[in-house]
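The chain contents come next:
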Amino acid sequence: MSLSYSPNEMMTVAAARALRNEDVCFVGIGAPSAACNLARMTHAPQITLIYESGTIATKPNVLPLSIGDGELCDTALTTVPVPEMFRYWLQGGRMTVGFLGGAQIDRFANLNTTVVGDYHKPKVRLPGGGGAPEIATNCHEIFIIMAMGKRAFVDKLPFITSMGHGPTGRERRALGVKSKGPTRLITDLCLFEPDPETQEMTVVSIHPGVTREQIIENCGWTPSFAAHVVETRAPDAKELEVLRDIQARTKAAHGG
Amino acid sequence: MSLSYSPNEMMTVAAARALRNEDVCFVGIGAPSAACNLARMTHAPQITLIYESGTIATKPNVLPLSIGDGELCDTALTTVPVPEMFRYWLQGGRMTVGFLGGAQIDRFANLNTTVVGDYHKPKVRLPGGGGAPEIATNCHEIFIIMAMGKRAFVDKLPFITSMGHGPTGRERRALGVKSKGPTRLITDLCLFEPDPETQEMTVVSIHPGVTREQIIENCGWTPSFAAHVVETRAPDAKELEVLRDIQARTKAAHGG
Amino acid sequence: MAKFLDLATAVAEMVHDGDVLALEGFTHLIPFAAGHEIIRQKRRDLTLVRMTPDLIYDQMIGMGCASKLVFSWGGNPGVGSTHRIRDAVENQWPRPLALEEHSHAAMANAYEAGAANLPFAMLRGYIGVDLPKVNPQIRKITCPYTGEELATVPAIRPDVGVIHALRADREGNVLLEGITGCQKEVVLASKRTIVTVEEIVDDLRAPSPNSVILPSWTIGAVVAVPGGAHPSYAHGYYTRDNSYYIAWDKISRERETFLAWMEENVMNKGPDAFAVHAGRRAAS
Amino acid sequence: MAKFLDLATAVAEMVHDGDVLALEGFTHLIPFAAGHEIIRQKRRDLTLVRMTPDLIYDQMIGMGCASKLVFSWGGNPGVGSTHRIRDAVENQWPRPLALEEHSHAAMANAYEAGAANLPFAMLRGYIGVDLPKVNPQIRKITCPYTGEELATVPAIRPDVGVIHALRADREGNVLLEGITGCQKEVVLASKRTIVTVEEIVDDLRAPSPNSVILPSWTIGAVVAVPGGAHPSYAHGYYTRDNSYYIAWDKISRERETFLAWMEENVMNKGPDAFAVHAGRRAAS
Numbered sequence: 232m233s234l235s236y237s238p239n240e241m242m243t244v245a246a247a248r249a250l251r252n253e254d255v256c257f258v259g260i261g262a263p264s265a266a267c268n269l270a271r272m273t274h275a276p277q278i279t280l281i282y283e284s285g286t287i288a289t290k291p292n293v294l295p296l297s298i299g300d301g302e303l304c305d306t307a308l309t310t311v312p313v314p315e316m317f318r319y320w321l322q323g324g325r326m327t328v329g330f331l332g333g334a335q336i337d338r339f340a341n342l343n344t345t346v347v348g349d350y351h352k353p354k355v356r357l358p359g360g361g362g363a364p365e366i367a368t369n370c371h372e373i374f375i376i377m378a379m380g381k382r383a384f385v386d387k388l389p390f391i392t393s394m395g396h397g398p399t400g401r402e403r404r405a406l407g408v409k410s411k412g413p414t415r416l417i418t419d420l421c422l423f424e425p426d427p428e429t430q431e432m433t434v435v436s437i438h439p440g441v442t443r444e445q446i447i448e449n450c451g452w453t454p455s456f457a458a459h460v461v462e463t464r465a466p467d468a469k470e471l472e473v474l475r476d477i478q479a480r481t482k483a484a485h486g487g
Numbered sequence: 232m233s234l235s236y237s238p239n240e241m242m243t244v245a246a247a248r249a250l251r252n253e254d255v256c257f258v259g260i261g262a263p264s265a266a267c268n269l270a271r272m273t274h275a276p277q278i279t280l281i282y283e284s285g286t287i288a289t290k291p292n293v294l295p296l297s298i299g300d301g302e303l304c305d306t307a308l309t310t311v312p313v314p315e316m317f318r319y320w321l322q323g324g325r326m327t328v329g330f331l332g333g334a335q336i337d338r339f340a341n342l343n344t345t346v347v348g349d350y351h352k353p354k355v356r357l358p359g360g361g362g363a364p365e366i367a368t369n370c371h372e373i374f375i376i377m378a379m380g381k382r383a384f385v386d387k388l389p390f391i392t393s394m395g396h397g398p399t400g401r402e403r404r405a406l407g408v409k410s411k412g413p414t415r416l417i418t419d420l421c422l423f424e425p426d427p428e429t430q431e432m433t434v435v436s437i438h439p440g441v442t443r444e445q446i447i448e449n450c451g452w453t454p455s456f457a458a459h460v461v462e463t464r465a466p467d468a469k470e471l472e473v474l475r476d477i478q479a480r481t482k483a484a485h486g487g
Numbered sequence: 300m301a302k303f304l305d306l307a308t309a310v311a312e313m314v315h316d317g318d319v320l321a322l323e324g325f326t327h328l329i330p331f332a333a334g335h336e337i338i339r340q341k342r343r344d345l346t347l348v349r350m351t352p353d354l355i356y357d358q359m360i361g362m363g364c365a366s367k368l369v370f371s372w373g374g375n376p377g378v379g380s381t382h383r384i385r386d387a388v389e390n391q392w393p394r395p396l397a398l399e400e401h402s403h404a405a406m407a408n409a410y411e412a413g414a415a416n417l418p419f420a421m422l423r424g425y426i427g428v429d430l431p432k433v434n435p436q437i438r439k440i441t442c443p444y445t446g447e448e449l450a451t452v453p454a455i456r457p458d459v460g461v462i463h464a465l466r467a468d469r470e471g472n473v474l475l476e477g478i479t480g481c482q483k484e485v486v487l488a489s490k491r492t493i494v495t496v497e498e499i500v501d502d503l504r505a506p507s508p509n510s511v512i513l514p515s516w517t518i519g520a521v522v523a524v525p526g527g528a529h530p531s532y533a534h535g536y537y538t539r540d541n542s543y544y545i546a547w548d549k550i551s552r553e554r555e556t557f558l559a560w561m562e563e564n565v566m567n568k569g570p571d572a573f574a575v576h577a578g579r580r581a582a583s
Numbered sequence: 300m301a302k303f304l305d306l307a308t309a310v311a312e313m314v315h316d317g318d319v320l321a322l323e324g325f326t327h328l329i330p331f332a333a334g335h336e337i338i339r340q341k342r343r344d345l346t347l348v349r350m351t352p353d354l355i356y357d358q359m360i361g362m363g364c365a366s367k368l369v370f371s372w373g374g375n376p377g378v379g380s381t382h383r384i385r386d387a388v389e390n391q392w393p394r395p396l397a398l399e400e401h402s403h404a405a406m407a408n409a410y411e412a413g414a415a416n417l418p419f420a421m422l423r424g425y426i427g428v429d430l431p432k433v434n435p436q437i438r439k440i441t442c443p444y445t446g447e448e449l450a451t452v453p454a455i456r457p458d459v460g461v462i463h464a465l466r467a468d469r470e471g472n473v474l475l476e477g478i479t480g481c482q483k484e485v486v487l488a489s490k491r492t493i494v495t496v497e498e499i500v501d502d503l504r505a506p507s508p509n510s511v512i513l514p515s516w517t518i519g520a521v522v523a524v525p526g527g528a529h530p531s532y533a534h535g536y537y538t539r540d541n542s543y544y545i546a547w548d549k550i551s552r553e554r555e556t557f558l559a560w561m562e563e564n565v566m567n568k569g570p571d572a573f574a575v576h577a578g579r580r581a582a583s
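So the protein lines, in turn, are chains A, B, C and D. Under our numbering, the first residue of the first sequence is numbered 232, with each subsequent residue one higher. Under our numbering, the first residue of the second sequence is numbered 232, with each subsequent residue one higher. Under our numbering, the first residue of the third sequence is numbered 300, with each subsequent residue one higher. Under our numbering, the first residue of the fourth sequence is numbered 300, with each subsequent residue one higher.
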């Protein structure tokens with residue numbers, strides 16, 4: 232029996248699977264938050280989720296709309312001030328995974344959430360970096376979740392808001408950053424991982440029913456494919472049920 | 232009717248009187264603590280007392296033996312971590328008065344609580360500075376309480392643990408320190424204040440029954456007397472009653 | 300000691316044209332009522348400082364209060380753009396808006412340094428990114444022990460800090476609880492401060508000896524404005540009005556609908572209008 | 300995740316000869332039971348770090364555990380000298396003790412920098428005093444914005460941090476309350492950590508969403524030692540045994556009385572001996 236699911240559901244499920252029970256995860260709002268909580272409600276019940284609002288080991292029953300919804304504090308082990316969150320917990324090196332989204336990404340998993348066009352005369356002014364610049368270097372590794380498309384997956388970023396492996400894939404190591412940086416990029420079409428030599432994000436797994444052509448068409452650079460590309464395991468019934476339940480609860484709670 | 236009292240009681244009462252209702256006072260343990268709480272229980276009920284253990288606006292019913300007795304926390308408005316106390320509250324410039332004691336003092340109200348003899352081959356190893364080095368420069372002004380004696384009031388300090396007005400009375404200003412430094416030195420025999428020109432601590436008030444000769448005999452330098460020296464007002468019945476009550480309660484509580 | 304004032308008086312006394320002003324509250328306890336009063340009193344040329352300039356700064360900037368914004372993330376959380384801020388940046392409407400942009404970590408550290416009376420903050424940050432190229436305030440310092448380079452930012456010391464807290468006692472001591480953001484730091488870093496509260500009570504009911512309490516003598520003015528954080532929320536009082544944030548996207552997208560909404564809901568109202576939200580406890 | 304161990308095992312696994320070791324607790328929650336276990340296991344050449352090396356370090360140093368002391372105030376609070384530390388410094392008995400001396404502000408900042416993974420801390424401190432002349436670790440840095448000079452000290456990153464807390468839950472999350480000193484910083488700054496607690500419970504009973512809680516994954520070992528802070532105290536459990544501090548002055552003044560007391564009360568006892576103090580609630 233085959234289940235019907237959307238590309239977005241596939242992306243969220245695949246992202247959730249990347250997380251482990253023992254992870255301490257710094258969670259971005261939106262798609263990362265959905266994936267992290269899906270992981271917590273399925274295979275990783277002990278995972279520690281931390282939001283930059285200061286909520287540590289939070290277990291929201293509905294997805295927060297903002298990074299600091301009351302639900303996050305109400306269900307947290309404890310809530311600390313924001314300066315402490317960034318000093319002791321993020322910079323302190325406590326996070327095994329930072330889970331980010333972004334507006335634009337390049338082949339080395341550098342992210343732009345700042346501006347399209349010239350910084351001083353912007354075509355589109357985006358929200359800015361928030362926690363991302365320091366999440367990108369202070370967490371042990373970075374997972375990124377983004378839907379593919381040519382406006383999002385670009386050949387050259389107009390602005391580097393947070394560093395992946397650097398503009399040529401070599402800068403991260405050259406700058407002496409010890410953490411791994413982006414190790415997984417989860418999209419609605421496929422999964423990327425950095426090539427061990429070049430650090431270029433490379434397709435390692437394609438979601439069921441997706442073609443290589445679709446991936447190429449939705450990418451602003453010519454994507455590389457690993458020597459052995461596998462097919463992503465489709466969402467199972469449990470994963471879809473939990474995801475849909477939480478999204479239904481969330482929609483009801485936010486009155487949207 | 233004249234009341235009988237000890238020199239130590241006179242000293243504590245005189246020290247308490249120096250404090251104002253609107254003061255925010257960083258309290259040292261021992262004699263400063265007795266004076267500050269006497270002030271709170273008599274003429275300055277609204278005074279804010281802060282101990283370096285993190286207790287803010289504390290109102291102990293008995294004098295603490297240590298800087299962090301439970302009584303201080305139980306009666307405080309709130310208790311903050313020690314790093315925060317030193318960063319936000321002391322360095323933050325929140326304290327109007329720092330109230331210090333010391334083992335040795337010189338004529339410019341520099342204090343030694345570190346060592347007698349050579350630092351590396353000490354004759355007597357004293358406790359060290361604790362909070363005093365930064366209290367001395369970060370509070371708006373400093374009150375010092377010490378019983379006189381030639382071993383305590385010395386011509387030259389073997390070690391400057393906390394700065395008064397500097398070794399020659401000029402260093403404090405020369406170093407660009409904006410706070411006033413020691414403005415009052417309260418002893419068991421008399422009260423000193425800095426000379427407006429030289430910053431030398433100068434006798435401005437002599438306790439009842441004390442002679443200038445006694446002051447000179449108990450001072451390791453030749454003390455200066457102000458042009459107009461007054462007689463310190465003797466402790467009144469209320470002051471003595473409150474002081475003796477708190478000391479009796481304290482003795483009972485500490486089981487000493 | 301804090302003075303107990305009404306909101307109009309507090310803003311009139313403490314907030315002046317040209318001030319550096321920080322309204323803080325990290326999603327929780329955002330001082331909307333105070334922001335609206337500043338709009339009504341038509342303050343101009345403000346430098347607005349805030350980690351997350353969301354709806355309250357969208358409203359203040361759209362109404363022409365600010366000439367500069369110091370920030371680290373500007374958007375309608377979980378919804379989309381802050382259209383009024385974008386219109387000011389992209390089209391100079393209603394007036395030009397200079398930007399000084401940081402990361403969250405840098406701003407949190409800069410507030411912390413301000414509270415600690417340090418001239419600057421240092422952090423392991425801004426590595427490999429473009430922001431230092433467009434913000435000359437981001438500099439470097441070398442560790443005197445290890446030789447490592449660290450990023451620096453100047454301490455933030457606002458002329459005025461404004462926060463919303465849960466409650467104050469009769470002496471003006473103020474309690475916060477829940478997500479406390481950098482509110483304590485802002486109050487301690489600012490020259491003048493306004494704290495709006497849900498209620499003024501005889502007993503703060505602090506649950507812990509370590510509760511987050513700002514003593515009265517750290518605060519300029521305490522103002523009772525029940526519901527004053529709406530559509531943000533107040534822990535234990537009322538929950539976040541997420542539908543307002545979602546609705547704001549449409550209201551703020553066009554200048555005309557924005558101005559009409561502001562006229563009706565801000566210019567023609569007062570702090571009392573927030574009281575209706577104080578009693579609203581959403582089931583969660 | 301924290302391991303639940305007995306005290307002898309925790310010390311045997313985590314504390315090694317030559318380690319840099321910080322036992323913290325600012326008057327409150329001093330980990331006496333852990334210190335006694337380290338004495339019993341005859342650790343040597345420790346660098347002992349502590350803001351206020353009072354009785355617990357007087358005992359450890361008098362029993363020969365340490366070759367160096369990093370501190371900011373060494374005494375028996377409100378009573379007088381720590382005679383065993385003085386004997387080590389003045390007479391090298393039972394062995395020489397090197398000193399690295401700071402102020403409280405510097406050490407608190409150094410722990411804070413350690414927790415924040417910074418290589419050093421800066422402060423407005425050490426102005427016009429002699430300590431920088433005898434401690435080459437105290438240096439200076441220049442503000443890149445104002446040109447001001449600030450004092451610096453290296454971050455403290457102990458090999459082992461040891462604290463006593465109120466209670467842990469079954470997952471190993473730990474609650475502190477009352478005077479919390481720099482315990483959170485020490486745990487976060489240390490490579491390995493031991494936390495002794497009054498009790499292990501199903502529910503932490505945290506009174507506030509902002510309660511001081513260390514998550515299990517920040518801790519190496521959790522050990523239940525009821526009364527383990529005695530003669531220090533545990534907020535809500537038992538009060539400070541001030542008479543012990545007063546009595547210590549006489550016990551510790553002479554080497555013979557000290558050694559006899561240690562033999563009877565430490566070497567011939569175990570962590571269970573602290574349990575008697577757990578129930579003692581002085582009326583206050």
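Calculated from the structure, these hints are not laboratory results. No experiment lies behind these values; they were computed from the predicted model shown. Keep in mind that a hint or two might mislead.
[Said to hold, decoys possible] The following label-pair restraints were derived from C-beta to C-beta distances: (1) D/G535 to C/K302: 48 to 54 Å; (2) D/K439 to C/F303: 28 to 34 Å; (3) C/V433 to D/D316: 49 to 55 Å; (4) D/D316 to B/E372: 45 to 51 Å; (5) C/K302 to D/E389: 43 to 49 Å; (6) C/V433 to A/K381: 33 to 39 Å.
Cβ coordinates follow ideal geometry from the N, Cα and C atoms, glycine included.
Please write out, lowest number first, the hints stated earlier that are contradicted by the structure.
1, 2, 5, 6
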